[in-house]
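Visitor: Protein sequence lines, in the order shown, are assigned to chains A and B. Each residue of the first sequence is one higher than the one before, counting from 211 in my numbering. Each residue of the second sequence is one higher than the one before, counting from 211 in my numbering.
Source of the hints: derived by calculation from the structure; they are not laboratory data. Hints may contain errors.
If we take Cβ atoms under 10 Å as the criterion, some of the chain B residues that face chain A in the derived model are [said to hold, decoys possible]: (1) 286; (2) 364; (3) 388.
Distance ranges between label pairs, derived from CB positions [what the hints assert, rightly or not]: (4) 437(B) <-> 280(A): 38 to 48 Å; (5) 219(A) <-> 243(B): 30 to 40 Å; (6) 270(B) <-> 377(A): 37 to 47 Å; (7) 357(A) <-> 357(B): 39 to 49 Å; (8) 335(A) <-> 386(B): 52 to 62 Å; (9) 437(A) <-> 242(B): 53 to 63 Å; (10) 356(A) <-> 242(B): 31 to 41 Å; (11) 242(B) <-> 415(A): 28 to 38 Å; (12) 257(B) <-> 300(A): 39 to 49 Å; (13) 258(B) <-> 280(A): 15 to 25 Å; (14) 219(A) <-> 439(B): 45 to 55 Å; (15) 415(A) <-> 346(B): 56 to 66 Å.
C-beta atoms are modelled at their ideal positions from N, C-alpha and C, and glycine is treated no differently.
Protein chains: 2
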Amino acid sequence: MDAKVKDLRKKAVVLLSGGLDSTVTLARTHEEDYELYPLSIDYGQRHDKELESAQKIANWYEVKEHKILKIDISQVGGSALTDMKIKIPEKRDENKIGSDVPITYVPARNTILLSLALGYAEVIEAQAIFIGANALDYSGYPDCRPEYFEAFQEVAELGTKTGIEGKPVVIKYPLINLTKAEIVKEGERLNVPFHLTWSCYKGGDLACGKCDSCILRLKGFKEAGIEDPMEYED
Amino acid sequence: MDAKVKDLRKKAVVLLSGGLDSTVTLARTHEEDYELYPLSIDYGQRHDKELESAQKIANWYEVKEHKILKIDISQVGGSALTDMKIKIPEKRDENKIGSDVPITYVPARNTILLSLALGYAEVIEAQAIFIGANALDYSGYPDCRPEYFEAFQEVAELGTKTGIEGKPVVIKYPLINLTKAEIVKEGERLNVPFHLTWSCYKGGDLACGKCDSCILRLKGFKEAGIEDPMEYED
Chain A
211 MDAKVKDLRK
221 KAVVLLSGGL
231 DSTVTLARTH
241 EEDYELYPLS
251 IDYGQRHDKE
261 LESAQKIANW
271 YEVKEHKILK
281 IDISQVGGSA
291 LTDMKIKIPE
301 KRDENKIGSD
311 VPITYVPARN
321 TILLSLALGY
331 AEVIEAQAIF
341 IGANALDYSG
351 YPDCRPEYFE
361 AFQEVAELGT
371 KTGIEGKPVV
381 IKYPLINLTK
391 AEIVKEGERL
401 NVPFHLTWSC
411 YKGGDLACGK
421 CDSCILRLKG
431 FKEAGIEDPM
441 EYED
Chain B
211 MDAKVKDLRK
221 KAVVLLSGGL
231 DSTVTLARTH
241 EEDYELYPLS
251 IDYGQRHDKE
261 LESAQKIANW
271 YEVKEHKILK
281 IDISQVGGSA
291 LTDMKIKIPE
301 KRDENKIGSD
311 VPITYVPARN
321 TILLSLALGY
331 AEVIEAQAIF
341 IGANALDYSG
351 YPDCRPEYFE
361 AFQEVAELGT
371 KTGIEGKPVV
381 IKYPLINLTK
391 AEIVKEGERL
401 NVPFHLTWSC
411 YKGGDLACGK
421 CDSCILRLKG
431 FKEAGIEDPM
441 EYED
């Protein structure tokens, strides 16, 4: 591909945590022939497992550039995912997950992630920002609903240079209405390297199999009838 | 004041850069009897002068808590304020300032600042977020216009736990329609410690007097007929 043709490729910033959903989203963006600019946020997670996964996945897809932005929102607190003093819940009833705002909710998480992606998208002149948010399995998270993303789209249109010039970046959330099983099937179709992803809220050598995230993942693979290559404790 | 009465005070997160506008905004929030939680963002500015000012101002107002959040958006680039490779413009015609999107515009700056304030506001259960944005002197910045803040308000209502519970934080931007001279007069009325503020885009011992920010400040004080205690070069 010569330089001129290459310049015509669409660019996408893809929020990549290293988990299942963001990896399937990256695979989808890749399929749609965007030039890939994954963005991972080191926000003071309890462990580095997710970020290590994100790096392996970025390498797997031979992305244009993988940016890891460090921001210590654990200083702000308020979530079991960033505050070591709050215990991560275990073995919750899978039907209860998503029916409340859980303690693993990070305040304004998606707004913070999208705002950083918006700044990055503006600098590299990306056409789209992809986020692997999902409204079904995370209905307890207010910032995982379509109406929330529509409101953020408005912010992107009004609050950026590209937006007021009539070329706003488009916020895309292709997994929003899929069940976890459907996400797994979509990942299978796209040949996603499931073995490189990390979903567990804890950072052990093996996934715990007991936190909300492990429970949803296990249920998803089971319902999809696909084997999860992740190794679990016990 | 006993503990019970104290708990009834409204809380406000105030974005405090250490400049003139954010300091006048803090003074206004103080006048409105909010409990003050200023938030300063160490976003990889060229210099620490602003943050030093922010700390002095927070001390002056004996705030409840001053949070400084570090996030290196200079990695994202695209602005003369965070990228040492881009030269800060000097001696621009004061009438031209604000008529374009200048190179000192930080991509998605206010969206990033507000999203961090939103997360913090949610954790401390604040009723309001104050930002000293101004549409007149910074009409070149897309994220300093009322319609932009209205869009962000929608994000705050839809994307947070407090928002979906019907107690959304309110985004306030009291300086939005003031000229710089009016902001200076408002600061005078509120006894703002002008001598502690820092406006210059550069980080010298004295303010440069030549960058857009110094030019606007000097013009504001002159038009207000108030003496600027800032010391300038030359």
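Visitor: Confirm or reject each hint.
Guide: Do the hints match the structure? See the list:
Checking residue 286(B) against chain A by beta carbon gives a least distance of about 5 Å; that is within 10 Å, so the hint holds. With a cut of 10 Å, the hint placing residue 364(B) at the interface with chain A holds, because the nearest CB-to-CB distance is about 4 Å. This hint is violated: residue 388(B) has a C-beta 20 Å from the nearest C-beta of chain A, more than the 10 Å allowed. Taken as a hint, the range 38 to 48 Å holds for the pair residue 437(B) and residue 280(A), whose Cβ atoms sit roughly 42 Å apart.
Between residue 219(A) and residue 243(B) the beta carbons are some 55 Å apart, a value that contradicts the proposed interval 30 to 40 Å. In this structure, residue 270(B) and residue 377(A) meet the distance hint of 37 to 47 Å, their C-beta atoms being roughly 44 Å apart. As the Cβ distance of residue 357(A) to residue 357(B) is approximately 19 Å, the hint placing it in 39 to 49 Å is violated. Between residue 335(A) and residue 386(B) the beta carbons are some 29 Å apart, a value that contradicts the proposed interval 52 to 62 Å.
The supplied range of 53 to 63 Å is met by residue 437(A) and residue 242(B), whose beta-carbon atoms lie about 60 Å from each other. The hinted window of 31 to 41 Å between residue 356(A) and residue 242(B) holds, with their beta carbons roughly 36 Å apart. Range check, residue 242(B) to residue 415(A): about 53 Å between beta-carbon atoms, so the 28 to 38 Å window is missed. Judged by the Cβ atoms, the range 39 to 49 Å given for residue 257(B) and residue 300(A) holds: they are separated by roughly 47 Å.
Hint check: residue 258(B) to residue 280(A), Cβ distance near 18 Å, so the stated range 15 to 25 Å holds. Separation of residue 219(A) from residue 439(B) is about 54 Å and conforms to the stated range, judged on CB atoms against 45 to 55 Å. Here the CB-CB span from residue 415(A) to residue 346(B) is close to 58 Å, well matched to the stated 56 to 66 Å.
This entry does not satisfy hints 3, 5, 7, 8 and 11, going by the numbered hints stated previously.
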